[in-house]
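**Student:** Residues per chain, in single letters:
Protein chains: 2
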Amino acid sequence: MERLEEKTISSKEIFNGKIISVRVDDVELPNGKTSKREIVKHPGAVAVIAVTDDNKIILVEQYRKAMERTMVEIPAGKLEKGEDPKECAHRELEEETGYECKELEWLTSFYTSPGFADEIIHLYIAKGLSKKENAASLDEDEFVNLEEVTLEQALEYVKEKKIYDAKTAYAIQYLQLQEALSK
Amino acid sequence: MERLEEKTISSKEIFNGKIISVRVDDVELPNGKTSKREIVKHPGAVAVIAVTDDNKIILVEQYRKAMERTMVEIPAGKLEKGEDPKECAHRELEEETGYECKELEWLTSFYTSPGFADEIIHLYIAKGLSKKENAASLDEDEFVNLEEVTLEQALEYVKEKKIYDAKTAYAIQYLQLQEALSK
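Chains as they are written, first to last, in the UniProt record's numbering: chain A, 1 to 183; chain B, 1 to 183.
Just so you know, the hints here were simulated from the structure itself, not pulled from any lab data.
Derived lysine-lysine pairs resembling BS3-like cross-links, with alpha carbons at most 27 Å apart: (1) A/Lys65 <-> B/Lys12; (2) A/Lys78 <-> A/Lys65; (3) A/Lys36 <-> B/Lys12; (4) B/Lys78 <-> A/Lys162.
Anything over 10 Å on all C-beta distances counts as not near chain B; from chain A, calculated: (5) Ser10; (6) Glu80; (7) Pro85; (8) His90; (9) Glu95; (10) Leu104; (11) Trp106; (12) Ile125; (13) Ser130; (14) Glu148; (15) Thr150; (16) Leu151; (17) Glu156.
Where is the CB? At the ideal position from N, CA and C, for every residue including glycine.
Given only the sequences and the hints, what does the whole structure look like? Please build it.
**Tutor:** Following this line, the structure appears as C-alpha cells:
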C-alpha cells in the first residue's frame, strides 16, 4: 500500500464569502514533489426525504444560479454555525415546505465533491408529516415551488433531468431500493 | 406557481484556478430585491462503477485535501476541455486502475452541489474488464491505492465511513438495487 497523505506547505485564503470560502494549499506529495490544491470550504448541509402519509415525496423547485436553471430537489439547507444536523433537518423541512414531522431518522451522510470541496450532506427521512400553523418561513433570498409526487413521478423527473442533483438522485434510488426490498 | 428565475445584475470573477473558478454574482430576485450568489465553476467529471467478471467492485483510495483524509471512491476524474464523457470514462478507468473494458454503459448524470457549484458527474458502469498492458498512468500529482471488493465489503466501507462521498454512495446503492431487483 502506498502512503497517500499530502502535507500542507502553505495555505492562502483567496475568498471568504457569505457561504463558501476558497483557499489554495501548496502541498508536499507522497513522492516529495509539490503541487497545489484548490479547496472550497462549506458549512455542510442537511437534506430530508419527506414522505407523506399517502406515500408522496415532497419536492422543492428552486432556481440554481450556478447552472442558470431551476431544479427539483428534496428539501435541504445549510447548517448554521454549531447547529445540530437533526435540528437543522427539522428547521429546513419546516421553512421550505411548511411541514413538521413526528419521525425523523438519519439515513447516511456523504461529501458531495471530495475533489475540491468539503461540503457534507446529512440525509434524513421524515414521516408522520403534518402542515404546521405559522411555520417558519424561508430566508429572504429563497423562493421555491412545492410539489408532492409519487415515486414513479419522481423517476420520470430524473429521466427529464428536472431532478438532476446527487442528493435527490440518491434519495429517489433509496426509495426504489426500499420498495424492491419490501417485495 | 411562483416565478423563480434570478437575473444577473453583475458578475465578478474572484479566482481562476487550475481546476475551479469562483465568481460572485449580484442577482435580482423574483421579488425585485437583490442578493449575492457565490458560484464555483468546474469542468465536470465522470465516474465509473467497474465490476470484474467475479463480481468485485474496483475502488480507489486517495487523499482528499479538502477533508484532510483518505477516502475510498469509485474511479473518477475531471473532463478535459472538449472531451467526450464516455472517452473520459475509458481514460480515467485505465489511468486510475490499469483496466480497460469491453462494455461501458452510461447510467445517469447529476450535479453534485447545486447550491454553489456547477460540477456535474456522468456515471458509467464498466464490464468485461481486463488489465491493460502499458496502461496510461496517473497524473503526476495523483497517488492511489486500488482495491477490489464485494458489494458486502463496500457496504461495510460505507458504515465505516471509508466510503463517504455522494457518487460512490450512489454507485453502491445502485448495485444493491440491481441485486434486489434480480431476486
